[in-house]
Amino acid sequence: MYIADIVLKFIIFILQKIILPIFPNEVADFSIVQWNTFLQGTLRHNFAWALSGMNAFFNIQLIFILILVIFTAEICYWGVRAGIFIINLIRGSGA
Amino acid sequence: MFVTSFQKKNLYGVILSLILGFSTLLYPFFISASGEGILDDDFETYNLGDLAGQGDWSGDGDTFWKVADTRPHKGVKSAYIDSYSDLTKGVWKIGEEKSTGIQSAWVNFSEVKGGGNPIFSPVFELLGWDHVSDVWRWLNSYGIKFNSSTSKWEFGYYDLNNQWVVLDPDVSQDEWHSIEAEFDEPNWQYRLRLDTLEGGDWSDWIPFHFDYYKDYIDSVGAFRMESRGQEVWVDTIDGEVVPVCELGHCSICTYQEQCESVGCFWWFEEEWYGKLYPWEGCSEPPSGGGWEEECGAFNKCQYCLTQELCEAQWNCEWVNKYDLGEKCYNKMPAYPPEQEEWQTCEFDDCEELGLPEKWICFLGNQMKGIFCPSQETLVSLQDTLNSFKYKFPFNYLSSTTYFFNSIKNDLNDEKEIDFKIWGKPATMNFDFLDMVVKVGGVEETLGNLIKDFSTLLIVIPFSVYMVAFIKRFWR
Numbered sequence: 000m001y002i003a004d005i006v007l008k009f010i011i012f013i014l015q016k017i018i019l020p021i022f023p024n025e026v027a028d029f030s031i032v033q034w035n036t037f038l039q040g041t042l043r044h045n046f047a048w049a050l051s052g053m054n055a056f057f058n059i060q061l062i063f064i065l066i067l068v069i070f071t072a073e074i075c076y077w078g079v080r081a082g083i084f085i086i087n088l089i090r091g092s093g094a
Numbered sequence: 000m001f002v003t004s005f006q007k008k009n010l011y012g013v014i015l016s017l018i019l020g021f022s023t024l025l026y027p028f029f030i031s032a033s034g035e036g037i038l039d040d041d042f043e044t045y046n047l048g049d050l051a052g053q054g055d056w057s058g059d060g061d062t063f064w065k066v067a068d069t070r071p072h073k074g075v076k077s078a079y080i081d082s083y084s085d086l087t088k089g090v091w092k093i094g095e096e097k098s099t100g101i102q103s104a105w106v107n108f109s110e111v112k113g114g115g116n117p118i119f120s121p122v123f124e125l126l127g128w129d130h131v132s133d134v135w136r137w138l139n140s141y142g143i144k145f146n147s148s149t150s151k152w153e154f155g156y157y158d159l160n161n162q163w164v165v166l167d168p169d170v171s172q173d174e175w176h177s178i179e180a181e182f183d184e185p186n187w188q189y190r191l192r193l194d195t196l197e198g199g200d201w202s203d204w205i206p207f208h209f210d211y212y213k214d215y216i217d218s219v220g221a222f223r224m225e226s227r228g229q230e231v232w233v234d235t236i237d238g239e240v241v242p243v244c245e246l247g248h249c250s251i252c253t254y255q256e257q258c259e260s261v262g263c264f265w266w267f268e269e270e271w272y273g274k275l276y277p278w279e280g281c282s283e284p285p286s287g288g289g290w291e292e293e294c295g296a297f298n299k300c301q302y303c304l305t306q307e308l309c310e311a312q313w314n315c316e317w318v319n320k321y322d323l324g325e326k327c328y329n330k331m332p333a334y335p336p337e338q339e340e341w342q343t344c345e346f347d348d349c350e351e352l353g354l355p356e357k358w359i360c361f362l363g364n365q366m367k368g369i370f371c372p373s374q375e376t377l378v379s380l381q382d383t384l385n386s387f388k389y390k391f392p393f394n395y396l397s398s399t400t401y402f403f404n405s406i407k408n409d410l411n412d413e414k415e416i417d418f419k420i421w422g423k424p425a426t427m428n429f430d431f432l433d434m435v436v437k438v439g440g441v442e443e444t445l446g447n448l449i450k451d452f453s454t455l456l457i458v459i460p461f462s463v464y465m466v467a468f469i470k471r472f473w474r
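Chains as they are written, first to last, in numbering that gives the first Met the number 0: chain C, 0 to 94; chain E, 0 to 474.
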């Protein structure tokens, strides 16, 4: 057992026992299977059919990338805000 | 910190840009895809009043069926019956004769109004032409029926013994439900599905009635709807041809050989939102440009357009498989090879040394160990980090990413699109985009110019959004 192993095992322990359990596997009443069924069902074909026309006028790939960037940025932002709020709530700073 | 009106305007501008952007994105969803089948009807062009006599609808005497604008599914009109009578009231229409297809309709009904036992809300029938006796014969009977003992509406059908078979015991009233019947006349059977958009599944195949007419009837060609003792709305009657596995309908091909034999491409991915569901399927062959960079990703052989590129990839082969010309195919469904082992340090063997050398050797190994974790620990760390992929929100995000990627792959570059607006068929032609124009002495297609311009229009509001987003952190 070397020092790097000990450090990494400590990080793994923190990740597995403290960080990972914070994240739920899925949202209650809206499972990942439901989400996938929704996306991969009629919606996907409707989108593909509808966007086939728009593809001639717009850079659809760019639009997808921008939507994903906005989506991810907003989730991260509100995640951080929620974390700070909870920390302040526990600290009792009156946030 | 106070928000100035100037900042508000900036934010409103961003929101407005986003709303406009999304509205533009979503506009085609208000246009319904056209279908072929025995019957399409949305009642929009009819006059309010009796349905029988309009649009080739016929009724059984005084049918009670009306065209109304009180509860449409789409547009402003729907077929409506308010039959307090205990007699069955039906209307029917002859369409195009088909041996296979899907006939769907949307239904909506209110609380029980009385009259009749049982109460239908409504029941549909498919009819076939008996060319020996020259009459239309009903082949099945399915729909919504009220169960007075449970006081619930049921979705089901009448079996060969005329017994009601329940497929869904509780269908909500005052909401629109889609009812689909896929018919397969050559095999004398049909199957049913309720609420497709909410994930409804097909029933098992059900035999048509009157087997002894089988030889006299070649197709399904008419649709009948009837109601008894109930207030019912019917709208968006739509017929579709059941697609077969062929180019243009690649996604319905179910296995690799079938898929590739018609010129489609079979793909599979190790994971798309985790290893819970290995994902594979059939897709249209790549067309147009822009796909070349996909060649080289595991199991995406179809994007390698030359033999050299193809054969350089893992699990790809350049062959003429089904007399469709030489193409790049996945060899066999297989997952990418395991990742190579991590490069780890080699430690000195201290066992056979004397005590002082052993200590020095041990310390040397410890110094190396600061920077060189063991293989086992690295794999464990990788597995732990991978575990985040299966946690919310990362699994939902990767699923959404996969959704967008699959749409990107599904897009077709046809220059002509058939569609319907409020039931009127039309065609959109994009040939004009190939026109070559000269800008600043450089020749460029009109399509590219429009795309570049629209890209600029999209990037500008996005930049404004990003600036506003970054500024949020300094509030």
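Among the hints, a few may not be true.
[As the list claims (entries may be wrong)] Simulated crosslink set (DMTMM-like; lysine to aspartate or glutamate; CA at most 20 Å straight-line): (1) E/Lys390 with C/Asp28; (2) E/Lys470 with C/Asp4; (3) E/Lys390 with C/Glu25; (4) E/Lys367 with C/Asp4; (5) C/Lys8 with E/Glu375; (6) E/Lys65 with E/Glu43; (7) E/Lys213 with E/Asp129; (8) E/Lys213 with E/Glu181; (9) E/Lys151 with E/Asp173; (10) C/Lys8 with E/Asp382; (11) E/Lys73 with E/Glu179.
FYI, nobody ran anything at the bench for these hints, they're computed from the structure.
**Prompt:** Does the structure keep E/Lys367 and C/Asp4 at a Cα separation of 20 Å or less?
**Reply:** 11 Å, holds
**Asked** Can the restraint linking E/Lys65 and E/Glu43 be considered satisfied, given a maximum Cα separation of 20 Å?
**Response** With a Cα-Cα distance of about 13 Å, the restraint between E/Lys65 and E/Glu43 holds, given a limit of 20 Å.
**Prompt:** Taking 20 Å as the top limit, are the C-alpha atoms of C/Lys8 and E/Glu375 close enough?
**Reply:** Holds: C/Lys8 and E/Glu375 sit about 10 Å apart, inside 20 Å.
**Message:** Can you confirm whether the C-alpha distance between E/Lys390 and C/Asp28 stays at or below 20 Å?
**Reply:** Cα-Cα ~16 Å, so holds.
**Asked** Given the proposed pairing of C/Lys8 with E/Asp382, does the C-alpha separation stay at or below 20 Å?
**Response** The hint holds at about 12 Å.
**Asked** Within a Cα-Cα threshold of 20 Å, do E/Lys213 and E/Glu181 meet the stated pairing?
**Response** 17 Å, holds
**Prompt:** Keeping to a limit of 20 Å between CA atoms, is the pair of E/Lys390 and C/Glu25 held or broken?
**Reply:** 7 Å, holds
**Item:** Given pair status - E/Asp173, E/Lys151, alpha carbons within 20 Å
**Value:** This hinted pair holds, its Cα atoms lying about 13 Å apart.
**Item:** 20 Å Cα cutoff - pair E/Lys213, E/Asp129
**Value:** Within the cut-off at roughly 9 Å; holds.
**Asked** Holds or violated: are the alpha carbons of E/Lys73 and E/Glu179 at most 20 Å from each other?
**Response** Roughly 17 Å separates the two Cα atoms, so the pair holds.
**Prompt:** Does the alpha-carbon distance linking E/Lys470 and C/Asp4 stay inside the 20 Å limit?
**Reply:** Violated. E/Lys470 to C/Asp4 sits at ~41 Å, over the 20 Å cutoff.
Violated hint: 2 only; the structure is consistent with all others.
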